[in-house]
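Participant: Here are the chains, one letter per residue:
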Amino acid sequence: GNSVTQMEGPVTLSEEAFLTINCTYTATGYPSLFWYVQYPGEGLQLLLKATKADDKGSNKGFEATYRKETTSFHLEKGSVQVSDSAVYFCALLKDSSYKLIFGSGTRLLVRP
Amino acid sequence: GAVVSQHPSWVICKSGTSVKIECRSLDFQATTMFWYRQFPKQSLMLMATSNEGSKATYEQGVEKDKFLINHASLTLSTLTVTSAHPEDSSFYICSATSQGYSETQYFGPGTRLLVL
Numbered sequence: 002g003n004s005v006t007q008m009e010g011p012v013t014l015s016e017e018a019f020l021t022i023n024c025t026y027t028a029t030g031y032p033s034l035f036w037y038v039q040y041p042g043e044g045l046q047l048l049l050k051a052t053k054a055d056d057k058g059s060n061k062g063f064e065a066t067y068r069k070e071t072t073s074f075h076l077e078k079g080s081v082q083v084s085d086s087a088v089y090f091c092a093l094l095k096d097s098s099y100k101l102i103f104g105s106g107t108r109l110l111v112r113p
Numbered sequence: 187g188a189v190v191s192q193h194p195s196w197v198i199c200k201s202g203t204s205v206k207i208e209c210r211s212l213d214f215q216a217t218t219m220f221w222y223r224q225f226p227k228q229s230l231m232l233m234a235t236s237n238e239g240s241k242a243t244y245e246q247g248v249e250k251d252k253f254l255i256n257h258a259s260l261t262l263s264t265l266t267v268t269s270a271h272p273e274d275s276s277f278y279i280c281s282a283t284s285q286g287y288s289e290t291q292y293f294g295p296g297t298r299l300l301v302l
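Chains as they are written, first to last, in the numbering used here: chain A, 2 to 113; chain B, 187 to 302.
For reference, chain A alone in the conformation it holds in the complex:
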């Protein structure tokens, strides 16, 4: 079946450190891939997305590249800020489907 696997958190970094949150997926066909961010007490916000292989989604300094050969969509940021502390969800949307399938989420804590 379709699934998304994320690295377990929490991930704790110092400000300005490099961030990688791993995400791999299992799906047939060509799903769209997403990263959502959830700040404390809030709903999810779309951070970035990619709809086909080799696409790179980017937003607010975050990037993720759709790698079909490794079925991955790892989230990266070159220099994190305290305000990036949140829970990050990787998700996929299968072709001709309406159901977003979420990973378990990775909590990021950035210390000053």
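Keep in mind the hints are simulated off the structure, nothing from the lab. Each residue gets a CB set at the ideal place from its N, CA and C atoms; glycine is no exception. One or more hints might be untrue.
[Claimed, not checked] According to the in silico footprint, chain B covers these stretches of chain A (three or more CB under 8 Å from chain B):
| # | segment |
| --- | --- |
| 1 | 65-76 |
| 2 | 99-107 |
[Unchecked claim] Calculated cross-link-like contacts (lysine-lysine; reagent style DSSO-like; alpha-carbon spacing at most 27 Å):
| # | chain 1 | residue 1 | chain 2 | residue 2 |
| --- | --- | --- | --- | --- |
| 3 | B | Lys-200 | A | Lys-100 |
| 4 | B | Lys-206 | A | Lys-57 |
| 5 | A | Lys-69 | A | Lys-57 |
| 6 | A | Lys-78 | A | Lys-57 |
| 7 | B | Lys-252 | B | Lys-206 |
| 8 | B | Lys-227 | A | Lys-61 |
Use these hints to put chain B onto chain A, whose structure you have.
Facilitator: For chain B alone, kept in the frame of chain A given last:
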């Protein structure tokens, strides 16, 4: 653009009462809305999908008589938790899409329900 609101943002109720949560798309017409439930420190679980003017489609294991969903217009969907019990306490999040399937879902800020 693509703003989704929820009301109320939090609610406390007594066991046995019913609670209605509203989800609105503020600047677009939402042909499809989704309702999720999120337990503490866990991922989102899709409860049901609603299309404007038709009955909601519930996921396996979700009681349709307990979680009533109405999508009466292209900008409003409601979730009513009937005869709420403490185990229904959770964070409920809605999302909406403007062009049906395979479009980006925009999420509301969530509603925290506490049943005493």
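Participant: Take the hints in turn and mark each one as holding or not.
Facilitator: Status of each hint after checking the structure:
Only residues whose C-beta sits within less than 8 Å of a C-beta in chain B count toward coverage, and the segment 65-76 of chain A has 0 of them, not enough to reach three; the restraint is violated. Only residues whose beta carbon comes within less than 8 Å of a beta carbon in chain B count, and the segment 99-107 of chain A has 7; three or more means the coverage holds. In summary, the hint linking Lys-200(B) to Lys-100(A) is not supported, as the alpha carbons are separated by about 33 Å, beyond the 27 Å threshold. Between Lys-206(B) and Lys-57(A) the alpha-carbon distance is near 40 Å, which puts this suggested pair outside the 27 Å criterion.
Between the alpha carbons of Lys-69(A) and Lys-57(A) the distance comes to roughly 12 Å, so the proposed pair stays at or under 27 Å and holds. Among the hinted pairs, Lys-78(A) with Lys-57(A) is consistent with the structure: their alpha-carbon atoms are about 13 Å apart, no more than 27 Å. Proposed proximity of Lys-252(B) and Lys-206(B) is supported: the alpha carbons are some 12 Å apart, at most 27 Å. Between the alpha carbons of Lys-227(B) and Lys-61(A) the distance comes to roughly 24 Å, so the proposed pair stays at or under 27 Å and holds.
Hints 1, 3 and 4, counting from the list given before, are not met by this structure.
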